[in-house]
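Position 105 of the sequence shown, counting from 1, maps to 1186 under the working numbering, and the rest follow consecutively.
Possibly wrong hints are sitting among the right ones.
What the hints assert, rightly or not - Derived EDC-like pairs: lysine to aspartate or glutamate, alpha-carbon spacing no greater than 20 Å straight-line:
no., residue 1, residue 2
1, Lys1276, Asp1265
2, Lys1136, Glu1322
3, Lys1117, Asp1265
4, Lys1406, Glu1275
5, Lys1280, Glu1263
6, Lys1276, Asp1297
7, Lys1136, Glu1301
8, Lys1267, Asp1107
9, Lys1280, Glu1214
10, Lys1136, Glu1168
Claimed, not checked - Cβ-Cβ distance ranges computed for the label pairs, FRET-style:
no., residue 1, residue 2, range
11, Arg1217, Glu1133, 34 to 42 Å
12, Ala1160, Thr1319, 45 to 53 Å
13, Asn1325, Gly1223, 21 to 29 Å
14, Arg1217, Thr1159, 31 to 39 Å
Read the hints as simulated data drawn from the structure, not as lab findings.
We put the CB at the ideal spot given by N, CA and C, even for glycine.
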Amino acid sequence: MATTINNKEHWWATTKGLLARNKHVDGKELQEDFLKYIYEHGKEMPRQLVDEAAKDLGTNREGMANTVGALVLAGELTANDTLALTEKGCMHALRLIRAHRIYEQYLAEHSGYAPSEWHERAHRMEHRITPDEQERIASLLGNPLFDPHGDPIPTPSLAVADKGTCGEPIEAQSWWRITHVEDDDKQLFTLIAEKGLTKDSLIFITQIDNVAMMFDYEGEHFSLPITALEAINMQPVTTAELNNLPEVRAQRLTHLQAGEEARIVGLSPACRGALRRRLLDLGFVKGSVVSIDMPSPMGNPIAYIVRGSAIALRHEQAKYVLVRKDLVESEKQQQ
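Could you put the whole structure together from the sequences, leaning on the hints where they help?
Okay, structure coming up:
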């Protein structure tokens, strides 16, 4: 009998209460949000931009004035013509950023939440998580260097790695590797994530103009508005790299037809957490040959034969398995 993957969400029951939506932001949280805001805007900002910051942070002029005063008294901010973080303020901001990005990585690996939810949940938790809890999570994750979007996670000593931005012009008919997807704009991030794009995705740009970018990804053709590039960092993939990346010519398992065989070349970088571990446990590993055993009457799920077992996958699971039919065909010709 074919085995079906259960993709149920699991989470701490207590966390749901802790992370319940709360429109009120207390003074301490607003102060910490403003520290991060200034840090992410170059560690300083002109006074005339304070009203804009207040709007971005969901407060008013009075709330911002109280926040600035409290941070100055705490020795974390200097307020002259320019508001600037002190060394103490920078360290506080980096601790918040570390907590946020570690928790986002935890959500990516150990929760059933959609990528579009990670940022907001991590934003709320960064104010609540204790240093001990933070380090336990980091240890569980293997002390990651980057969060799921490609942002560097400050080390325990608060050192920060380079994000790896690219200054080269993006050209059509070329391969690119995504190194970072910004998640501050939820609508834009959701649009990008719906295409399956994430850190380490390899795309072939077929056409780009001042309106849209068209590209091939995992055997399918997509387009994004050109504004999406504001949230994506990419690096060009060299010819030498392409020769050692079999996945560049791969397609999703959902393209496999009855009677065909394909060799698995890996799992999509968008496949994370419990589903990724489950697929690997079931034998969908690099090098395995896969074929279709039988579809269900409705065509979804489909039972695939892999490593001698029939495994039923729904389309939304099978799309994460990357295969190449040409590898099996060339092997047969050589026999």
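Status of each hint after checking the structure:
| no. | hint | in the structure |
| --- | --- | --- |
| 1 | Lys1276 / Asp1265 | holds (18 Å) |
| 2 | Lys1136 / Glu1322 | violated (45 Å) |
| 3 | Lys1117 / Asp1265 | holds (13 Å) |
| 4 | Lys1406 / Glu1275 | violated (26 Å) |
| 5 | Lys1280 / Glu1263 | holds (10 Å) |
| 6 | Lys1276 / Asp1297 | holds (11 Å) |
| 7 | Lys1136 / Glu1301 | violated (40 Å) |
| 8 | Lys1267 / Asp1107 | violated (23 Å) |
| 9 | Lys1280 / Glu1214 | violated (26 Å) |
| 10 | Lys1136 / Glu1168 | violated (26 Å) |
| 11 | Arg1217 / Glu1133: 34 to 42 Å | holds (38 Å) |
| 12 | Ala1160 / Thr1319: 45 to 53 Å | holds (48 Å) |
| 13 | Asn1325 / Gly1223: 21 to 29 Å | holds (25 Å) |
| 14 | Arg1217 / Thr1159: 31 to 39 Å | holds (35 Å) |
The structure fails hints 2, 4, 7, 8, 9, 10 (numbered hints given earlier, in ascending order).
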